Each structure stands twice: as C-alpha cells, then as structure tokens.
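Asks: Take a look at the letters that make up each chain.
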Amino acid sequence: MAIAIEAYELSKKYRLGEMQAAYGTLRESLSHAARRVARQEHRVTAKEEIWALRDVSFEVPEGQVLGVIGRNGAGKSTLLKVLTRITTPTSGRVEIRGRVGSLLEVGTGFHPELTGRENIYLNGTILGMKRKEIERRFDAIVDFSGIERFIDTPVKRYSSGMYVRLAFSVAAHLEPEIMLVDEVLAVGDAEFQRRCLGRMEEFGSEGRTVLFVSHMLSSIGQLCDRALQINGGMIVQDGPPGEVIANYLHQTHSAGVEQSWDSVDEAPGNDLVRIVAVRVLPHEGMPLGIVDVRRPIGIEIVFRVLREGQPVFPKIKVLDRESTIAFNAMDTDERWLEPTPPGEYAATAWIPGNLLNEGAVSAEVAICSLDFPKLEHHASVYEAVSFEVLDSGEGDTARGTFGGQWRGVVRPLLEWTRERV
Amino acid sequence: MRQSNLELPTPAPPSARDAAESEDRVDRLVVIRPARRWPHLDVSELWHFRELLARLVWRDVSVRYKQTFLGVAWAVLVPVFTAAVYVVIFGKFAQFPAGEKNTAYPSLVLAGVLPMQYFASALTGSSMSLASNLQLVTKVYFPRTLLPLGSVIVPLVDFLVGLPVLIALMWYYETWPNGPKVLLAPLFILLAMVTVLGLGFFLSAVNVRYRDVRYMIPVFLQVLPLLSGVMYAVEAIPTKWQWVLAFNPLTAVIAGWRWAVLDAATPNLGQTAIGVAVALVLFVAGLAVFRSSEPRFADTI
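Chains as they are written, first to last, in numbering that gives the first Met the number 0: chain A, 0 to 420; chain B, 0 to 300.
Since the hints were made in silico from the structure, they are not lab data. If you're wondering where the values come from, they're calculated on a predicted model, not measured in any experiment. Hints are supplied without guarantee of correctness; some may be wrong.
Unchecked claim - Simulated coverage check for chain B against chain A, where a stretch passes if three residues somewhere in it have a Cβ under 8 Å from a Cβ of chain A:
1) 27-35
2) 62-68
3) 118-128
4) 158-172
5) 193-202
Where is the CB? At the ideal position from N, CA and C, for every residue including glycine.
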C-alpha cells in the first residue's frame, strides 16, 4: 500500500533563552549585546536546549487512521506543528503525498466584523479550499450549520454556540486526502465533540488518511487503526491502539489492569491466605483498562486459602488520581462468616455505574478477617490495579452535556425532584 | 458513537474529486525539511496561495470600510486634507517653488501626497502584519511572506479611490498628462511597492520580537514627506541635495509620478537609478531578514 506520510529522523529543538527573549525589547537586546562586547564574552550563558522531538521516524500508509498519544509536553503537539508546517524541524524530513488538510482549531481566522457568509469564504480559503470548492459546498455548509437566517449577520452578533456550529461546519466540509487533527477540536460541549468524532470516523471509513493527536484515550481506541505513544520527544510505542493504550495506562498509573502471581509462595499474603491475581474486568467495546462511567466496574480478586482457620473476606479500597480515598468496601455477606475452607476463590467487587468520577482510579485489595476490634489484613496488594473512567459524553450522566471540568471523587447520578411551590 | 440525528456531509470519493481539482498536481508531494539557509522568494508557492492572498486583502479592505463610520470617504478625505494644509502653509505662506515647469502647486502637492499616503499606510500595515495575524501564524500553514505582501496591496485601494480627486485638480488647473508617458505612471507606484515591501518584510519580522517598531514608524513617517519632495519639486532644491535625497526611493517615485501624470519636469535619470537601486537593495535585504527569522515566528510569537 502506498505511503501517505513518511517521517524520517525528525527532530525539533527549542532554545529556552530564545523563548524568553520573545517579548523583550530592543533595549534589552542592545544592552545585552553591548555588555557581551565590553567583557569580550562570547555567550553569556549557554542557551538551554530542549529537544521536543528526537529522531522520530514513522510511516503512515494511505487510508490508515493513526492516533498519537502522550502526556502533556511529550512532543505530540510539536509533531503536529511540524507536520502541518507551522514550524520547521531542526533536522530530518517528512514526505507527505496527497492533499493535506489540517485542523488545529475550528474557525481559524474568523473575523467578528464579517458576516457568516464572508467568514465561510475566508475560513474555507485559510483551510486550503479553493473558491470553486467553497461555492460548490456553500449551501451544504450553511444547511449543516443550521444558521441560514443569520448568514448575512456579522459573526460578532452570534452566540458562541452559533459561532462554533458555523466554524465546525466549514471544517466538516474539507475534503483532503490526508487530515491532520488536533485534540483541541474536542473542546466544547458533548454534542460538538460527538460531531467531531463522527466526522473523523467518516474520514477514516472513506479511506482517507488521518493523523489524530489526542489524550482522549477512548476516542483513539475507537477511531484509530494504530496508535503511537510519544514520550520525551521519542516514539516509545507503536502498535494496535488497545495495546498501546493499555501500556500507556500502565505507565501513567503505575499499576496495570491486571496483576497475577504464578507461584503461590511468592504471592502476597501469609500462611493463611495469599492473593494470586487481581484484575479489572473489561467493558465490552472498550479498550482494556478503560471503563464506561455508566456501567458497573468489576474488580476481581483471586485468592487461595491455604488452611482452614478463620473466616476471611475480601476488601477493596478505591482511590482517585490524587490518592484520595474514595471509599472502602468489604463483602459482609454471611457466606464469609464460617471459617473459609482451603481452596481457590474468585471474588468480584462490583462498583456501581455512575458512582466514580472520570479520570484515573486505582484500587487496593486485601483479604481480611475481623479480629474484634481490629481488622486484620492477611494479604494485601497496594495499588493492585488501576483503570480510567470515561464519560462518552452522550448526556445521560451526572454531567449531562456539560463538557468542562467536573470536580469530585465521586459523581453519582442523583435522583432529583421538582415541585412547584 | 455516531448518532442518527447527526447528518454529516457525504463527500464524493477522493478519486472523483481529484479529476475535478487536478490543478494542483505539483504540490501533491510535500517535503518538510529544516529551513533553508538562503533566503528566497518562492514564487510558485506564492502563486499557489494566490486565492488566500486575495482573500486576506479583501478581508482587510472590507473590515476597514465596515469599521469606520465614513468608510471609503476616508480614502479621499485624508489626502485632500493633508494636501490642503500643505497648499496653504507651504504654497501660500512659504511660497515654495512649483518646479521647472511651474506646474499648478495644488496639483503638484496632491500628486505627491497620494503616493506618500499609500506608502505610509502600506508601511504601517505591513510592519504590523505578522503581529496582527498571530492566530493564523500559529494555527495554519501558508507562506508567511503573504502577510506583508497582502498589506502593501490593501492601501492600493485607497490610492485608487483618491485618484479621481487628482483628476479633478488636473481638469481644474489643466495639468493634463502629456502623451504616452502616462502609461509609465504605474511603474513608479510599483517602485513604491517594492520599497515598502522590503521595509515591511524587515519591520514585520523585527516586530515579532521587538514591539519597539510600532513607536518608531510614526516618527519616521512624520519626517519622510519632507525628505521625499512631497510639498516641493525636487529639481527646485540645490543639486547637491538632490543627489542626497536620491537615496530615498520615494523621491524617485514622486518625481517620476509627477512627470508621468502631470507632465512635470523630467526626473534626473541618475537620481532615479539610485532610487531604484536602493529600493531593490531594501527589498532583497528585507526579504533575507524575513526569511531567516521565519522559522521562529510560530515558536516565539
């Protein structure tokens, strides 16, 4: 298959000194230069350098939807800036075969004084459409935006919703062979995010090449054929999205979605009971380690009781990203009241749907017995598993269609009542 | 994920579209490399982006006319007012000479004010062009030279709108152009464009890092009319000083323009040549500075 994007040993270096001087005045630079001459100094300080990208090589075959993930500052935005030619690489080269469209934000270049109609032409041209293309798609763009009535009104009179709808509508009618898309597209309300993702999905299914930079792991998992992880300016992972995401989560959360011990002797625990495996049960249709906020989350603990002694029972402790304890829970069912017979048991704790907030969650598991007034931990695994809770933004959760930050360790879907008083 | 209520556009398959838009075969392969060391003007690339250039020019023109209450009238009012002040102060009180051919002073002055006005707007616009289009520079690729280039085209509209006033004066004072040399008039405006574009390249690139530029320009523009022969005919001053002023390309622009449209004195060929040479040097040097700092625009802005 033909190669659409070919990057070869791409590197980008930023000089910190340079960035600081960006807003300087002429006087500062002149006095700096004068001092340098007077003292015969060559360079006052060696400028600190940062490699935002380092020897990045990859190929994207035509028609592939490639997702790029990484932490903030890992270099994924720099990569996109180089590919879209907003900035030049320090070394290396990229070959791109095909008409390229890039979308780093919607509504680039929109001017408040101009009308909707004028902005469609302006924005379309800026995004690389020819006048004839815009003319041909003009009606479709207007229809899609749903603001026919205001098309000859200056956009400064638009509500922000109308503004975004029009801007997105122009972007949605771009028809490049290769699309470079940034995650900033995914700001806005849930409805808008869904439209963006829907459009991207279409791009992919039409056989266009898409390179999508995001830290929304769920969309990478759903849309992409392949994922790259960038860290410290280098590609650290390249493969199927599911695997890449699972490994990425493992790095970020320090615990994975599963832990197991082959040898019982080395498994955590004591002579009474040992934990041999812990895992997060997968949600159907979601990458491993990512769970839907609306669905119950199962955490399975497999443990082996070595001798009959006392009643033991499983317990979990759930913590959020900042290691704040969300809750503790143990199985208080009467099946654990009798001394537990030796053997292997699998207990699953079901955390209800619509309870935890979005984000990284980790769990600690233990097998305990109640030795009044003490709770004795016979076997415990600190940070046993972790997973990412996601809201797909369909509006049926506690946050509704609101797309902004949502605080709290838990996020229950409450029952609300209303009366007229 | 996809909702049924989302009706997304269904574009034609890429192959069918390619046939329709086969114009850009050449740029189907884009090679991204580190910035080249030698500054150059990529004319074929500029040609490819001509629609964007036209669109940006159109944006600036229409926004300016929409934002001002009097709109297009300013293009007439500013030069007329400036010329009127010059005529009263320098023509009436100071009795400035009208040159060898004794051209009617008001025609002479307005013929100087119009190119000067063009130059002043173009210089201000082009030196701010990068800074005022930050949003574009950091979000989308196009040849950055397009921005200064567009902003020296925008004030041409004002210039053209102001021309009828000059024609009215020509009619009133009967200072009609004499013969086919009027066809050379656009060349002198082109000379002004080349000069201001060179300066615009330089100043817009510097303005990205040092915002001092915006304070320097008004001072420069206050002195410039005095040094370009706007309110006097350059052949009326001592010859020695004529050769000094020749290093200001605008002197050649104004003298040449007056010669072409008002049938004023024939400019000295040597002085004009110096003006053209300086304009070309400014252009090349400005472009060199612009292109060599171009890779850093998006990073430092």
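Asks: Decide, hint by hint, whether the structure agrees.
Replies: Okay, the hints, checked on the actual structure:
Chain A is given as covering the segment 27-35 of chain B, and this holds because 8 residues of the stretch bring a CB closer than 8 Å to a CB of that chain, at least three being needed. Only residues whose beta carbon comes within less than 8 Å of a beta carbon in chain A count, and the segment 62-68 of chain B has 3; three or more means the coverage holds. Beta-carbon proximity to chain A at under 8 Å applies to 0 residues in the segment 118-128 of chain B; the threshold of 3 is not reached and the given coverage is violated. Only when three residues or more bring their CB closer than 8 Å to a CB of chain A does the claim for the segment 158-172 of chain B stand; here the count is 0, and the claim is violated.
Coverage of the segment 193-202 of chain B by chain A is violated [criterion: at least 3 residues with CB-CB distance below 8 Å; count 0].
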